[in-house]
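**Student:** Put together the whole structure using the sequences plus the hints.
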Amino acid sequence: MKLVQKRSRKAGLPPGTLVHIGEKKSETVKITVFDYDDSHFQERQVAKAEDVPIAPEPCVTWVDVGGVHKIEILESFGKLFGLHSLLLEDIANTDQRPKLDDYGSYGYVVLKMVYEGERRGDIMVEQVSLVYGDNFLLLFQENGGDVFQAVKDHLRSGKGRLRHAGSDYLLYALIDSIVDGYFVVLEAVGERIEALQDLVVTSPEPETLREIHALKRQLLFLRRSVWPLRDVMNNLSRSDGHFLKESTKVFFRDVYDHVVQIVDTIESLREMVSSMLEIYLSSVSYRLNAVMKVLTIITTIFMPLSFIASIYGMNFEHMPELKSNWGYPAVLLLMGLTGTAMLVFFKRKDWL
Amino acid sequence: MKLVQKRSRKAGLPPGTLVHIGEKKSETVKITVFDYDDSHFQERQVAKAEDVPIAPEPCVTWVDVGGVHKIEILESFGKLFGLHSLLLEDIANTDQRPKLDDYGSYGYVVLKMVYEGERRGDIMVEQVSLVYGDNFLLLFQENGGDVFQAVKDHLRSGKGRLRHAGSDYLLYALIDSIVDGYFVVLEAVGERIEALQDLVVTSPEPETLREIHALKRQLLFLRRSVWPLRDVMNNLSRSDGHFLKESTKVFFRDVYDHVVQIVDTIESLREMVSSMLEIYLSSVSYRLNAVMKVLTIITTIFMPLSFIASIYGMNFEHMPELKSNWGYPAVLLLMGLTGTAMLVFFKRKDWL
Amino acid sequence: MKLVQKRSRKAGLPPGTLVHIGEKKSETVKITVFDYDDSHFQERQVAKAEDVPIAPEPCVTWVDVGGVHKIEILESFGKLFGLHSLLLEDIANTDQRPKLDDYGSYGYVVLKMVYEGERRGDIMVEQVSLVYGDNFLLLFQENGGDVFQAVKDHLRSGKGRLRHAGSDYLLYALIDSIVDGYFVVLEAVGERIEALQDLVVTSPEPETLREIHALKRQLLFLRRSVWPLRDVMNNLSRSDGHFLKESTKVFFRDVYDHVVQIVDTIESLREMVSSMLEIYLSSVSYRLNAVMKVLTIITTIFMPLSFIASIYGMNFEHMPELKSNWGYPAVLLLMGLTGTAMLVFFKRKDWL
Amino acid sequence: MKLVQKRSRKAGLPPGTLVHIGEKKSETVKITVFDYDDSHFQERQVAKAEDVPIAPEPCVTWVDVGGVHKIEILESFGKLFGLHSLLLEDIANTDQRPKLDDYGSYGYVVLKMVYEGERRGDIMVEQVSLVYGDNFLLLFQENGGDVFQAVKDHLRSGKGRLRHAGSDYLLYALIDSIVDGYFVVLEAVGERIEALQDLVVTSPEPETLREIHALKRQLLFLRRSVWPLRDVMNNLSRSDGHFLKESTKVFFRDVYDHVVQIVDTIESLREMVSSMLEIYLSSVSYRLNAVMKVLTIITTIFMPLSFIASIYGMNFEHMPELKSNWGYPAVLLLMGLTGTAMLVFFKRKDWL
Amino acid sequence: MKLVQKRSRKAGLPPGTLVHIGEKKSETVKITVFDYDDSHFQERQVAKAEDVPIAPEPCVTWVDVGGVHKIEILESFGKLFGLHSLLLEDIANTDQRPKLDDYGSYGYVVLKMVYEGERRGDIMVEQVSLVYGDNFLLLFQENGGDVFQAVKDHLRSGKGRLRHAGSDYLLYALIDSIVDGYFVVLEAVGERIEALQDLVVTSPEPETLREIHALKRQLLFLRRSVWPLRDVMNNLSRSDGHFLKESTKVFFRDVYDHVVQIVDTIESLREMVSSMLEIYLSSVSYRLNAVMKVLTIITTIFMPLSFIASIYGMNFEHMPELKSNWGYPAVLLLMGLTGTAMLVFFKRKDWL
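Protein chains in written order, with this note's numbering: chain A, -4 to 347; chain B, -4 to 347; chain C, -4 to 347; chain D, -4 to 347; chain E, -4 to 347.
Incorrect hints may appear among the rest.
Since the list gives no way to pick out one identical chain from another, each pair is judged satisfied if it fits inside one copy or across any two copies.
DSS-like mimics (lysine-lysine), calculated; alpha carbons at most 27 Å apart, straight line [claimed, not checked]:
| id | residue 1 | residue 2 |
| --- | --- | --- |
| 1 | Lys74 | Lys154 |
| 2 | Lys74 | Lys244 |
| 3 | Lys94 | Lys74 |
| 4 | Lys25 | Lys147 |
| 5 | Lys25 | Lys94 |
| 6 | Lys25 | Lys43 |
| 7 | Lys154 | Lys65 |
| 8 | Lys94 | Lys240 |
| 9 | Lys25 | Lys65 |
| 10 | Lys147 | Lys94 |
| 11 | Lys147 | Lys43 |
| 12 | Lys244 | Lys94 |
None of these hints come from the bench; they were simulated from the model.
**Tutor:** Shown next, in the form of structure tokens:
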């Protein structure tokens, strides 16, 4: 989750040069092709773009490409489906802002997929590019993982609406499962915030502060990923394009509502985290106060007492009190009274 | 009032699968049906959706469903009234953002109802879903409580406008009583803020701080519930739909004004709470200052005095002052003068 | 100037029930009627709405009602002038947000009037409701005071434009004098801020802090009252209604400019108050620093000196220095040098 | 540069009464008339409005009125040029927000002119009113100074575009020189900020704080003067009015760009000043820390040493160490070791 | 990177006077002319504008002017290409806000180019002006450096799209390489922020604070340069002008996406820097706390011990304990116990 991706090696190249920007997340590129309509379903692994069969309508072809770091594979897909060079550049550059581009004969959606990492508190981010046309959908993810397992299972089982609807409904199903991922991650963030809530008052350590700022940074990052998604979903649910059927748009509207809900939740969590920072600081400051009080009380009680003792520690020859039999107990009594008086004074001042 | 609801068990399910999200707030589901027009009124309890009688127009049928956690009941209502699967999903998911959806032959409003909990300072939130059509209104609440008692009483008594107007006026009456609930809750919040106002200056304890942050969080939550309501009410008061009569729209406009008023009040209260936090912090800091002054005064007065005493506590053989008869009283006088001089100095510096 | 008005006793009543919300500010309700046109002018006190004479056009009838807590009087006005029940509800509820409602045959403006209270620093707020039609204007204030004395005097004297213009110009004259009241109040607030400006640096007491927060709260309140007024005046100066003549609209435009000016001034004053809070806090913090320096200097100077003295206060039998005739003056010299060295050190460090 | 001008003596007067609001900045009112076209140019001083000659088109008449506190002069101009009473009121009231009013047969622009005062750091503000028609332009300033000397010189010399263009280009030339004045003032503010930049870290005195807040206040004031100017210039460069020729609009567009640039600069400077405040506070806090460390080190080193000395200052008869010949040097050695150990400890803790 | 450029010497000059504003960045002005179409390419250095050959369409002429401080050169270009005097003024004034002006027969884009300076952490800014027409493009930079080397190389090599496309694609290529420069600079800023991240917790020195504020200032500056670029690119990608071909607009749209990405990144980095400031302050405050604890512990332990010792240092004749053989060890034991008790107490209070 770096805030700024390395793009500098791109500067100086002519525009349109295909360069992969981002970390390479897997070694090989895994290409899976799903071919389906109401009555048939076929799934197979292919090695290169040229092997992808384009089935005739009303068949839908979904190509799931895992890995975008091999430029030559992207280029062969570009040639096969007639994709614009800027679109290929956007796929290869994993530092995209979520957006929706309409290229006339096909559409392009890029968005961020989030999920929890293996270490507690880690949030992983991956870029997903979706190119959709009348009867095909290309999905590019950085990694060949099985994040869309659920969607694939529905396709395989043939139950539900998925097999009977077109590529637009598949697009919805994929985006919907990505958006659901945000809810899962936010739940985890919310739980960590709840857990910190008390810690911040009872033991405000620098460690707590670092955790708060890690949360703040993650929320900043999530907000940056999800904020532009609002416009994307809004445009999808209102687009005039011929790809999206009227009956599917209500589903995109539903995803839009979810995204707004996520934005709302992120804003609330951000305010909670800011509050926690304030509590942290005021806790530290309150503790300083408490420590100071103890210091003051000790000093205030013992300084006069020690002063009295030091007076009678002076070596003057003519100090009549020193000769008196009652001098010592009288001084002890004086000390006792002084100390008690001050304790009472502090109680009154509410410092004890 | 959790900031993030558990939705994770939904992730991975195909879109459209009906799952209840939220806490189950009651065991059974209570269904009450009201059937009325100008001249007649009937109220009865039914066990399942199929028992709901659909009276002919101009009769209005109001079904009050208390509890949304039984999926099968929602499904039977969906079948009976021909509701869209996404709408049913929204009803079952109690983590909705307030919104208004127009489904052509019926409309859907979801909003949050708030009321004070049993423990002082608690605010309870419940989701209310309203499905309204030409002569029916379905109300889904999480709990089968009698929150809409007043509306029911007016129906029963037959007085006022309610019985003579259509389902749109019933919709208004229900939303109006939900919005009135916000005023009641805000009144309580306002009172707690007033109560804290002084406490924050006179005794800034961590307990006060925690109370301030609890208030901040509640206001954050209320704002989140009521902010989208503005758009909902604005759309209702301007909608072209055939459900809402022109004469009813002025009432929705009135509710809209109330919602704007609530938003305004929440913003003001939020600013008040922020101010209180500032006062809290500066009070703590001022107190630290006061404590430091006492410490400094004590140290400044007794350190030189003790030093003088310690000089004459040294054991040098040749210290002429020690032999003198006037040595002891002279030193005592010196100490007295030094102490007094310093007290005067502090008075001048305005530290005492 | 309570932030949240008691509205709870309204919750549960059917919508449209007339209940007075707010404090009762006077006992009786004073109704004064002004009847005028170019050539004649009549002023009289009436006891109830039914006594109000409706003069034929082009006569203008202005009814000034002082007190809105008597529901029956509002109701009789409602009947006489055919006012909508929601409008009457708004008049009775003194917790309205300023707004403009067009009811077809008459218009309704509600706004807040402010003036200085008797105690220095108090700001009084009253709600003013204006119902205006072709040849009448109803003014409802919470109190029967003589706030609009100036307008009444112009009417009586017959000088100026007022008597020759219609009810729309009267509406302008009344709103203009209410808006002028904001300038007067802001002037007073501005003066109090200027007065605090220095106090906050020279003597940052908790009392100063409380005054700053009182100012902040008042500005928050004024902003809330005047912000929606912008829209009201803008709508009035652009409205297509047949009540407002073209020639009068330029005057409403002028009032609109004044309101924008007031909003601007409030924002500036709010920033000034925030600045003062910052200065307050940094003054407290700077003073803490100054006190700490004194403490440190005292401690740093006397601790080593006392230590030296305590060494020679030890009772070892073999301490050769104690026998020496020069021991005592040598130690005194050592102490003097140490003290001077440290004073020089602090001067260098710029702590003195 | 008062934040709130005295307007209270206006409250209570009938609307449209002409009262001068603001400080009187000069005693007499200086009226200069410029009459020019391509071929001729005349400049003369007149005593009253009636003496102003209205030259026939295409001659342009520019009247420069220095001083707006003499109401009767404004009234005579009003009569001569047929100006609306509200416009005259706006000219007399020097507390206007910049705005553009279109009165049909003439236009009215009011804006704030700023320049540096005689004392370093002072910013003077004056209101300038411009009434422009087909072949005349009235300029009202509060003071009869020679701020528009440059424009006058160009007119006199007859070089450049000014004499050949109409009154609209003159309007542009005057506004352009006012806007250039903002750049000059901002430059000075920028330099003072740069100068404070270092001071704030090296010697954070209350004096520095006061300077920062003076800057903040000036920027707040400048922003308030220049912000509405954006709309004014935008409207001028887009207005459909017949006064402004198409060819002149590009110049107003250019002034608009300058105003946007000024707004940008002010915002940046405001952020810089806020940053400086933060640095000030953290410098004070860092210094407190440094002082505390010294205090702690002194206390920590001498307290144990003094304690050891005080043990051997006790007067017990049976203290074997006191008899020993090595007692004294052993104790001195112990003290030396303790002190050194603690110094090493602090070095390790990075406190020295 | 000064926040406010010196413009004061311009004030008082008639509008349209050409004056160079900004630092002179190179001595001479270097003019290079590129003439190309599909089949031919020519590059040459010329000394003055008059030497620029205007090739017939479809040839594209690109003039790269390095240095804008020689007014006479700008004027001769103005004459040759018929440029508006305001445009020339904008080129000469290097304190422009990025903008796009359409002058009918040619367009004008001004923007800021950024690159890293020689000293680590420095960011250099230069203004680039682009005047584009049907078959020519004038580029004015402040310095004759080789920033657009890559574009020139592509032209020379004849590979890629550049030679085959018109002046609009050249415009895109130049702007694209400027925008890529922002990514490079932001990468460097991001790395410096990451580097500070830890430093701010482990060693919060004033030096760190100064670095944070330098970063803040640079980000403020970058934001100011890039924010208006959004509108410029948006307008370019939507402009109706006949200069930009439909096929080129998709490229400008792509640059627009990059600019939005840059704005996003800057906002994120600004939030990170603000967070770091908060951490800095709370680290300083936490350290103060830690130091205070040590001080309190030392004082609290040694003050009572020293007091006990000073009691038995008093010189009273009748102090029975002093005679006792067990007095000394008993007192030592008492001291030991007291000290241990207090250590235990602090452990419990979690202060050690």
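**Student:** Are the hints correct? Go through all of them and say.
**Tutor:** Evaluated hints:
Taking the shortest alpha-carbon separations for Lys74 and Lys154, only the inter-copy value of 20 Å comes in at or below 27 Å, while the best intra-copy value is 34 Å. Taking CA atoms no more than 27 Å apart as the test, Lys74 paired with Lys244 passes between copies only; the shortest distance there is 22 Å, against 30 Å inside one copy. For a Cα distance limit of 27 Å, the shortest separation of Lys94 from Lys74 inside one copy, 23 Å, qualifies, whereas the shortest one across copies, 38 Å, does not. With identical chains, the CA atoms of Lys25 and Lys147 are at most 27 Å apart within one copy only, with a shortest distance of 15 Å there and 39 Å across copies.
In this assembly of identical chains, the alpha carbons of Lys25 and Lys94 lie at most 27 Å apart only when taken from the same copy (25 Å versus 42 Å across copies). Taking the shortest Cα distances, Lys25 and Lys43 sit within 27 Å of each other inside one copy (9 Å), while across copies they are farther apart (51 Å). When the C-alpha separation of Lys154 and Lys65 is checked against a cutoff of 27 Å, the pair qualifies only between copies, where the shortest distance is 23 Å, while the shortest distance within a copy is 35 Å. For the identical chains of this complex, Lys94 and Lys240 are neighbours both inside a copy (20 Å) and across copies (23 Å), given an alpha-carbon limit of 27 Å.
When the C-alpha separation of Lys25 and Lys65 is checked against a cutoff of 27 Å, the pair qualifies only within one copy, where the shortest distance is 11 Å, while the shortest distance between copies is 43 Å. Taking CA atoms no more than 27 Å apart as the test, Lys147 paired with Lys94 passes inside one copy only; the shortest distance there is 25 Å, against 32 Å between copies. Proximity of Lys147 and Lys43 under a CA criterion of 27 Å is satisfied intra-copy only: 21 Å inside one chain copy versus 36 Å between copies. For a Cα distance limit of 27 Å, the shortest separation of Lys244 from Lys94 qualifies both inside one copy, at 18 Å, and across copies, at 17 Å.
Checked against the numbered hints listed earlier, the structure breaks none of them; every hint is satisfied.
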